[in-house]
Amino acid sequence: MSERLNSRREFLALSGAAGAAFLLADAADVREALAWAASRRGQQSYTNLSARQGATLEAAVARILPSDDGTPGAREAGVIHFIDRAIGGFGAGAKPAFEQCAAELDRRAAEVDASQTFDALSPERQDGLLRAIEQEPYFGTLRTFTAGGMFAMPSYGGNRDHVGWTLIGQGREPLYTAPFGYYDAQAAGGGQ
Amino acid sequence: MIRRQQPSRRFGAGEQVDFVIVGSGAAGGIMAKELASAGYTVLVLEQGPRLSVPEYDHDEMAFFFLGARTNLSSGQPQQFRPTPSDPWQQRNVLLYGRTVGGSNAHFTANMWRMRPSDFNEASVHGTPSGTGLADWPLTYDDLEPYYTKADWELGISGAPGPFDPPRSRPYPMPPLPVKSSGVLFERGARSLGLHPEPTPMAINSQSYNGRPPCQHCGWCLGFFCEFRAKSTSMDAMLPVAEATGNCEIRPDSYVAKVETNAAGRATGVTYFDGDRNEHFQPARAVVLCANGAETPRLLLNSSTPRFPDGLANSSGVVGKYLMFNGNWGVSGLFEHPLNEYKSVQTTRMVLDWYETDPARGFYGGGGIDARFQQYPILFGLSGLPPDAPTWGAKYKRMLAEYYNRTMYLAVHTTSLPLETNGIELDPDLKDAWGLPCMRVTYRDHDDDMSVGRFLVERASEILEAAGGQRQWSLPVTPQTSAVHLLGTCRMGRDAATSVIDTNHRTHDVPNLFICDGSSLVTSTRGQPTMTISALAFRAGERIADLARRGEI
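Residue numbers (numbering that gives the first Met the number 0), protein chains in the order written: chain A, 0 to 191; chain B, 0 to 551.
Since the hints were derived computationally from the structure, they do not count as laboratory data. Heads up, the beta-carbon is just placed ideally off N, CA and C, and yes, glycines get one too. One or more hints might be untrue.
Sample of chain A residues with no beta-carbon within 10 Å of chain B, all distances over it, derived [said to hold, decoys possible]:
| hint | residue |
| --- | --- |
| 1 | Trp35 |
| 2 | Ser49 |
| 3 | Ala131 |
| 4 | Thr140 |
Pairwise CB distance ranges, derived in the manner of DEER restraints [as the list claims (entries may be wrong)]:
| hint | chain 1 | residue 1 | chain 2 | residue 2 | range |
| --- | --- | --- | --- | --- | --- |
| 5 | B | Gly66 | A | Glu110 | 37 to 43 Å |
| 6 | B | Arg305 | A | Ala177 | 55 to 61 Å |
| 7 | A | Val111 | B | Arg90 | 39 to 45 Å |
| 8 | B | Ser116 | A | Ala91 | 51 to 57 Å |
| 9 | B | Pro385 | A | Ala177 | 30 to 36 Å |
| 10 | B | Arg264 | A | Pro173 | 47 to 53 Å |
| 11 | B | His57 | A | Gly139 | 25 to 31 Å |
| 12 | A | Glu123 | B | Gln88 | 39 to 45 Å |
| 13 | A | Pro173 | B | Gly66 | 23 to 29 Å |
| 14 | B | Pro509 | A | Gly139 | 54 to 60 Å |
| 15 | A | Gly170 | B | Glu550 | 54 to 60 Å |
Covered by chain A, according to a simulated footprint, are these stretches of chain B (three or more residues, beta-carbon under 8 Å) [what the hints assert, rightly or not]:
| hint | stretch |
| --- | --- |
| 16 | 169-178 |
| 17 | 181-192 |
| 18 | 336-346 |
| 19 | 375-385 |
| 20 | 391-400 |
Construct the complete structure from the given sequences, taking the supplied hints into account.
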């Protein structure tokens, strides 16, 4: 996937501020999310996905929103459980796409290394296989449901402990008071 | 505070009422309040459920993606084609809130008055060839007292602006506090010599009429206000109607047909209750406030030998001249967090290009306001610039980087009325009640998109002048969905070319009235609720007056 940017200056500015929202989060929450996800690897149970499908698709969504930088991603958010629940309900029409996606990723993984399933490959290898299928409609479905699983209310099975909202800095208060952001605070004569 | 001290009026099965009102949204609520306050018995039939505060939520998935509480999830499919030469596809394009309160219960709450020029553009600029642009049979002066009544009876917050039409009273409340998007927008606009001003909103900036001020929770669009700070039919009008003791709001009541007798007068309506049992509700007069999609559909479904092409459709224009308003825009990224997820959708706008300017070479104009308008899931799907990666570490980093530092300048435009844009009954497709579905033909006129492109360019200049780090937008292309449902039972003096007269009485049926988005002759510059509300206050007064004089 090409990542064209308008200028190198932009890239530095963006990477320099990477994870800025997490600086606002409670560090203990972040550690806990990562530890929870690590403890559950290989022990998930699913209702509508097989264990094999769940493992493969969880690994795939973990590349869509990775946690390589030490901040929670799709795995920690429980996106796979959002998907598992959705395909038994409102997302039933997407179940064939997920089955196809999981089967295809494992088939391609076996081409790389006959002894490996997708989830056992290195992240770099996984990214390579995802790049190979990223134009397929079932990848679009996976991506769409990853966004849903990351950012929907936790009652849908994902966005565990609101890690998705914490990622982007979506507030969770029931109400706010002015000033709301940097520029209106500045205009009002205060700092933030 | 209007609290119901005792249960509101409940009419018996088949008990005739003076007025049955179909629909409880922006127009229906006002109409109910006006007629009930005038002493008439009023039954409001609303197809959707009535929600209470414990049922309110901020569930983006449910509302925006699963169509909860709208006609997207109710078993009422639609067919769509852009133009008469395109094939039909099954697709819901006209969207509305399907609950007591209608779309008005969960709207952004922009409230723009029309200006005097909106009322006679056809005379002043001519009717663009191939369009149905017509003058209103009213002037701004006719409607001004009702714009002001809406200001004060609903509760509108705002401040005078440089292009304001005359107003007989000031705003009842000052503007809501400005957001970062508004500060930046103002900065950029002022530096370009433009005239930014606060957005008039149907949201309390102070306690008003017993309802508290906005608590800036950030969930206005798509969700009900648990604070009752939004000045809506649901919280400002229906409770007043019920408190008169003359009005019943009956939810889960889906009106299938307006019934008439051999003399050509309306006798009431047939509706389905929550268990899908059919009932006939007799009424001395019928008022349709079902929105610009369902009102014409109801008339078309109510054909009789006297009206083979739909009730009150001797003109043939029921369902025609559908207008959406144009909605496009441009996003901008700024250095520091704006936190646009807080508070109301928009606090500043420019109306410098409101008027049609023939020198531009196209009809129409509009406004630009500063907002963000994305909740987390939508942002995750499509909030980043088009050249951003759509998955992976950088995509994740950009989501974190951009969400709170982004704003969106929304462009709102006129839509020209075209005879080919409209609603008909589908000959085959039936909804879950067995009623014919609507099929919709709609394509924006080239001038509408020219206004859109022109204003997107102007918005881009404002973002640049405001010091944005980068900006991005999608091309201005024809719209394929709408929440502003306008023009489909237009008002006019000539019964051959319009459906209702200036009293909102249908030309054809003396005790059948219509007041909602379908009544509009022109589209407004993009925020029609204020005009619909003013028309409803005026219509309520006129209809009550006709009733008092025995002229219904």
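Hints violated by the structure (listed by number, smallest first): none
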